[in-house]
Amino acid sequence: MVTRGFSSGRRPPTDGDARIPPGQYLEQGFPVLSAGPTPRVRTEDWSFTLKHGPRPIKKWSWAEFNALPLTKMTRDIHCVTAWTKFDTPWQGVLVDDILADAGLEPPTGFTLAHAFDGYTTNVPVKDLTAGKAMVALLYEGKPITSDHGGPARLLVPHLYFWKSAKWLNGLQFTTRDEPGFWELRGYHIYGDPWREQRYTDDP
Amino acid sequence: MSDAAAVQSPWQMAKIVRIEKRTPRVTSFFFQPSRPFAYRAGQHVDVRLTAPDGYQARRSYSIASAPESGGVIELAIEKLDDGEVSPFFHEVAAIGDEIELRGPLGGHFVWPEDENGPLVLVGGGSGVVPLMSMVRHRAAQNSSVPVVLVFSARVWDEVIFRDELITLDDRQHGFDLVLTLTREAARRPADYSRRVDVAMMAQAMVRLPEPPGLAFVCGSNAFVSAAAQALIDAGVAAENIRTERYGV
Numbered sequence: 017m018v019t020r021g022f023s024s025g026r027r028p029p030t031d032g033d034a035r036i037p038p039g040q041y042l043e044q045g046f047p048v049l050s051a052g053p054t055p056r057v058r059t060e061d062w063s064f065t066l067k068h069g070p071r072p073i074k075k076w077s078w079a080e081f082n083a084l085p086l087t088k089m090t091r092d093i094h095c096v097t098a099w100t101k102f103d104t105p106w107q108g109v110l111v112d113d114i115l116a117d118a119g120l121e122p123p124t125g126f127t128l129a130h131a132f133d134g135y136t137t138n139v140p141v142k143d144l145t146a147g148k149a150m151v152a153l154l155y156e157g158k159p160i161t162s163d164h165g166g167p168a169r170l171l172v173p174h175l176y177f178w179k180s181a182k183w184l185n186g187l188q189f190t191t192r193d194e195p196g197f198w199e200l201r202g203y204h205i206y207g208d209p210w211r212e213q214r215y216t217d218d219p
Numbered sequence: 266m267s268d269a270a271a272v273q274s275p276w277q278m279a280k281i282v283r284i285e286k287r288t289p290r291v292t293s294f295f296f297q298p299s300r301p302f303a304y305r306a307g308q309h310v311d312v313r314l315t316a317p318d319g320y321q322a323r324r325s326y327s328i329a330s331a332p333e334s335g336g337v338i339e340l341a342i343e344k345l346d347d348g349e350v351s352p353f354f355h356e357v358a359a360i361g362d363e364i365e366l367r368g369p370l371g372g373h374f375v376w377p378e379d380e381n382g383p384l385v386l387v388g389g390g391s392g393v394v395p396l397m398s399m400v401r402h403r404a405a406q407n408s409s410v411p412v413v414l415v416f417s418a419r420v421w422d423e424v425i426f427r428d429e430l431i432t433l434d435d436r437q438h439g440f441d442l443v444l445t446l447t448r449e450a451a452r453r454p455a456d457y458s459r460r461v462d463v464a465m466m467a468q469a470m471v472r473l474p475e476p477p478g479l480a481f482v483c484g485s486n487a488f489v490s491a492a493a494q495a496l497i498d499a500g501v502a503a504e505n506i507r508t509e510r511y512g513v
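So the protein lines, in turn, are chains A and B. So for the first sequence, our numbering puts the first residue at 17; every next one is plus one. So for the second sequence, our numbering puts the first residue at 266; every next one is plus one.
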């Protein structure tokens, strides 16, 4: 239903309409959102652990993790609070390369990403592998600031950005699709921006 | 942590039944949803505007009213000059208009169901809105949970809900208001005239009978970062601090 007196004339001009998912608007800045205070994680205290259920499979220090192959990924990102940002340039380690280094075939179809602040978010394995996702270490060629999830954050750019967990410290394979922090608090279990899967009851 | 379970929240039409200017830049719009819903203090709604060409703009706004307010939802909307939704409300929206709305949403930045110690609320500018819902909820419930609200505004005339907050403060019923003005001198004896810092947080918590169980901080990213760090430095555990940021 048309809203009386509202026109699309207020919309910020863009030449990339087809790249903006439904209900999103184009943002030039890089807004910061999180559910708690910003943790300041020092790289000497940082580690990343791959787990299958409760069982640790492999753990990397910052130096060990940085020795893994680095890949560039420039992608549009979409936040559930309705902003979309084009062409964000990241570098990091593909989840594929992490699994290869651990010598691991995905043992289940689901994962839960874990962060230093206790945050969790669930992502199916098929959305992390085949070059779709990475653990990002650099943004615009520089270390990721703590506001944006540094030293390392998950990057799953084709899902709403709450899936790209900040301050990442582990990835856990789970038998079932276990809802994470926001998924337990009203947000969609999968979060595809092109299907506008914002909240739990969205189809 | 006790958080709200997911609830169904389809889009629905809500009629604007009242408009009240709060400050030079903030106006409250009161909505009567066609299907009224229960919500928790601190939750938000999504609002969707549709243009004749089908273009839609969607924004989230925190609810300012208490859950006890009889089904009418108050949204206190700050006018952002370069925005596309807030200028529509400030310049076009009128009583009787029907707006598409969806809610309640959000299950973390909410008044806790298990009251576990006093609460510290810290708001910057329109970041006070979800905290106002909590303060009103506390008053409506006649709750004995001690609450201190530290509210930072640029100037006295931009203190949203000022008279109502001061009235609640004057009751001396376990709710304490600390105002801090960043661009003007303080007007009340125990208020401040500077940005939030660790000393202010420590002094605010002295007004509570025991250390807080939870702290809620809402505002711009810069404000929330500074206030959350000040709370941590004043001894509040990071895991007991819940934040809501505008993003910028």
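Possibly wrong hints are sitting among the right ones.
Cross-link-like lysine-lysine pairs, in silico, DSBU-like; alpha carbons within 35 Å at most [stated by the list, open to error]:
1. A:K148 with B:K280
2. A:K75 with A:K158
3. A:K67 with A:K158
4. B:K344 with A:K75
5. A:K75 with A:K101
6. A:K88 with A:K74
7. A:K158 with A:K101
8. A:K88 with A:K75
9. A:K101 with B:K286
Since the hints were derived computationally from the structure, they do not count as laboratory data.
Verification of the supplied hints:
{"no.": "1", "hint": "A:K148 with B:K280", "verdict": "violated (44 Å)"}
{"no.": "2", "hint": "A:K75 with A:K158", "verdict": "holds (24 Å)"}
{"no.": "3", "hint": "A:K67 with A:K158", "verdict": "holds (29 Å)"}
{"no.": "4", "hint": "B:K344 with A:K75", "verdict": "violated (49 Å)"}
{"no.": "5", "hint": "A:K75 with A:K101", "verdict": "holds (33 Å)"}
{"no.": "6", "hint": "A:K88 with A:K74", "verdict": "holds (24 Å)"}
{"no.": "7", "hint": "A:K158 with A:K101", "verdict": "holds (18 Å)"}
{"no.": "8", "hint": "A:K88 with A:K75", "verdict": "holds (23 Å)"}
{"no.": "9", "hint": "A:K101 with B:K286", "verdict": "holds (33 Å)"}
Comparing the model with each numbered hint stated earlier shows that hints 1, 4 do not hold.
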